[in-house]
Amino acid sequence: MKRFLIISRQSPYGSAAAREATELALACALFDQPVALLLLDDACYQLLPEHQPETIAQKNLSAMQQSLPLYDVDKIFVCQRSLAQRGLTLDSLSLAVTSLDTRQISALIRTYEMVINV
Amino acid sequence: MSDTTLHILNRGPNQTELLQHCLDAMTSGDALLLIEDGVYWSTAHFTEKLSGVDLYVLTADLEARGLKEPRGQSVDDDGFVDLTVVHSRSVSWC
Chain H
3 MKRFLIISRQ SPYGSAAARE ATELALACAL FDQPVALLLL DDACYQLLPE HQPETIAQKN
63 LSAMQQSLPL YDVDKIFVCQ RSLAQRGLTL DSLSLAVTSL DTRQISALIR TYEMVINV
Chain F
346 MSDTTLHILN RGPNQTELLQ HCLDAMTSGD ALLLIEDGVY WSTAHFTEKL SGVDLYVLTA
406 DLEARGLKEP RGQSVDDDGF VDLTVVHSRS VSWC
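Line by line, the protein sequences are chains H and F.
Whatever position you read off the first sequence (first residue = 1), add 2 for the working numbering.
Whatever position you read off the second sequence (first residue = 1), add 345 for the working numbering.
Because the hints were derived from the structure by calculation, they are not lab data.
None of the values given here were measured: they were computed from a predicted structure.
Hints should not be assumed to be uniformly reliable.
The calculated EDC-like cross-link candidates involving lysine to aspartate or glutamate, where the alpha carbons are at most 20 Å apart (straight line), are [as the list claims (entries may be wrong)]:
hint: 1; chain 1: F; residue 1: K413; chain 2: F; residue 2: D427
hint: 2; chain 1: F; residue 1: K413; chain 2: H; residue 2: E52
hint: 3; chain 1: H; residue 1: K61; chain 2: H; residue 2: E22
hint: 4; chain 1: F; residue 1: K394; chain 2: F; residue 2: D422
hint: 5; chain 1: H; residue 1: K4; chain 2: H; residue 2: D103
hint: 6; chain 1: F; residue 1: K413; chain 2: F; residue 2: D399
hint: 7; chain 1: F; residue 1: K413; chain 2: H; residue 2: D93
hint: 8; chain 1: F; residue 1: K394; chain 2: F; residue 2: E362
hint: 9; chain 1: F; residue 1: K394; chain 2: H; residue 2: D43
hint: 10; chain 1: H; residue 1: K4; chain 2: H; residue 2: D34
hint: 11; chain 1: H; residue 1: K77; chain 2: H; residue 2: D103
hint: 12; chain 1: H; residue 1: K77; chain 2: H; residue 2: D43
hint: 13; chain 1: H; residue 1: K61; chain 2: F; residue 2: E408
hint: 14; chain 1: H; residue 1: K77; chain 2: H; residue 2: D93
hint: 15; chain 1: F; residue 1: K413; chain 2: H; residue 2: E56
Same shape as in the complex, but just chain F (with noise of 0.2 Å):
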């Protein structure tokens, strides 16, 4: 298994700094999950800033905050499972 990191972010554009610490922390191969108030930055609105990253994004958060067509890919708890076990390790930013 090729080492690599999932990156996992819970907080929404009131911490701009949160999300600029994680993509400057974020190399080839990683991927990032937006959950709770992260899956915000899955709107259209952000497009340009999670260009290139690998994105996904958790249909429950998605759907509780009344948000439709994000960017990435969407993932139930089961996928957010499988996340964790493909990557080498987990980060939470928060």
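Chain H with its partners taken away, still in its complex shape (with noise of 0.2 Å):
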């Protein structure tokens, strides 16, 4: 069996790349596939709590991302270095997520067969 591992760059709501990356994650799921997905650079911003996305007409992102442990997808990584380049820390996330430095992003990437980019 394949497994797939999902790299989103993107933050929540300048465009639809973090709902895209989020609906292949539980699609693949639902499929029964090991799935993983690594956050860099802004779509560390997708962990933000408390989004109030009705105020520019949009659904809630991170309601959706909070299923992903409902359906396995409990691999959650985010880039160490982005994390801290915006001023962010593990405890102020919304979900559990591990962080890597950019050599066990690389030692991470090697063990999955399909890597996305969305």
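Make the complex out of the two chains shown on their own, each in a separate frame, by following the hints.
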């Protein structure tokens, strides 16, 4: 069975990319494909709590992400450097995630057969 | 009315160079309005980068993204319009 790693670099509401990455992770899980999510750069902002996207007439991405663990998508990784460059810490995020340094990210990518940048 | 410019920025830290171009273009009397993903620049972490800038942030975009206590002055859509009226021209950086 092929294992999927989905990489997202985009903020939650600046484009549809973050939602598409999340939907892809859920779709993989729905078809019982092993899947993990790696968030780089502005994608870290996807994990800030208390989104209120109704103010800009969008759907809540955060609510959708909270369902990831329910579908056994529990491997969610964030880039430690991206967090630091934005003044974010793990305990300020809305999901339990693992932070990785660049060497660990390189190693992570090598453990997946299918790597998709969304 | 003095000749000043309203600079509008809608991209976040993924586009650091865009902010730099915008800041480089600003002169005395100009204002910077952060909208959409630009509002991420109003978080405490980037205070130093934006020091001395006459800064405004669109409230709806802040709230949508779960951001609190921004640097600068929060404005609603009416405030956005007021800013475009006060300044001689608007420049959208995107």
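Against the structure, the hints:
1. Of the pairs offered as hints, the one joining F/K413 and F/D427 is violated, with about 23 Å between alpha carbons and a cut-off of 20 Å exceeded.
2. Simply put, F/K413 and H/E52 have alpha-carbon atoms about 10 Å apart, close enough for the 20 Å limit, and the pair holds.
3. Straight-line distance between C-alpha atoms of H/K61 and H/E22 comes to about 13 Å, which keeps the hinted pair within the 20 Å bound.
4. Between F/K394 and F/D422 the CA atoms are separated by roughly 25 Å; this puts the pair beyond 20 Å, and the hint is violated.
5. Annotation: proposed proximity of H/K4 to H/D103 is violated, straight-line Cα distance about 25 Å (limit 20 Å).
6. For the given pair, F/K413 sits about 19 Å from F/D399 by alpha-carbon distance, which is consistent with the 20 Å threshold.
7. Restraint check for F/K413 and H/D93: satisfied, since their Cα atoms lie roughly 16 Å apart, inside the 20 Å limit.
8. For the hint pairing F/K394 with F/E362, the CA-to-CA distance comes to about 12 Å; that is within 20 Å, so the pair holds.
9. With a C-alpha separation of about 18 Å, the suggested pairing of F/K394 with H/D43 holds against the 20 Å cut-off.
10. The straight-line distance between the Cα atoms of H/K4 and H/D34 is roughly 10 Å, inside the 20 Å bound, and the hint therefore holds.
11. Straight-line distance between C-alpha atoms of H/K77 and H/D103 comes to about 16 Å, which keeps the hinted pair within the 20 Å bound.
12. Of the supplied pair hints, the one linking H/K77 and H/D43 holds, its CA atoms being roughly 18 Å apart against a limit of 20 Å.
13. Restraint check: the Cα-Cα separation between H/K61 and F/E408 comes to about 13 Å, which is no more than 20 Å; the hinted pair holds.
14. For the proposed pair H/K77 and H/D93, the alpha carbon gap of about 17 Å is at most 20 Å, so the pair holds.
15. Restraint check for F/K413 and H/E56: the C-alpha separation of about 16 Å stays at or below 20 Å, so the hint holds.
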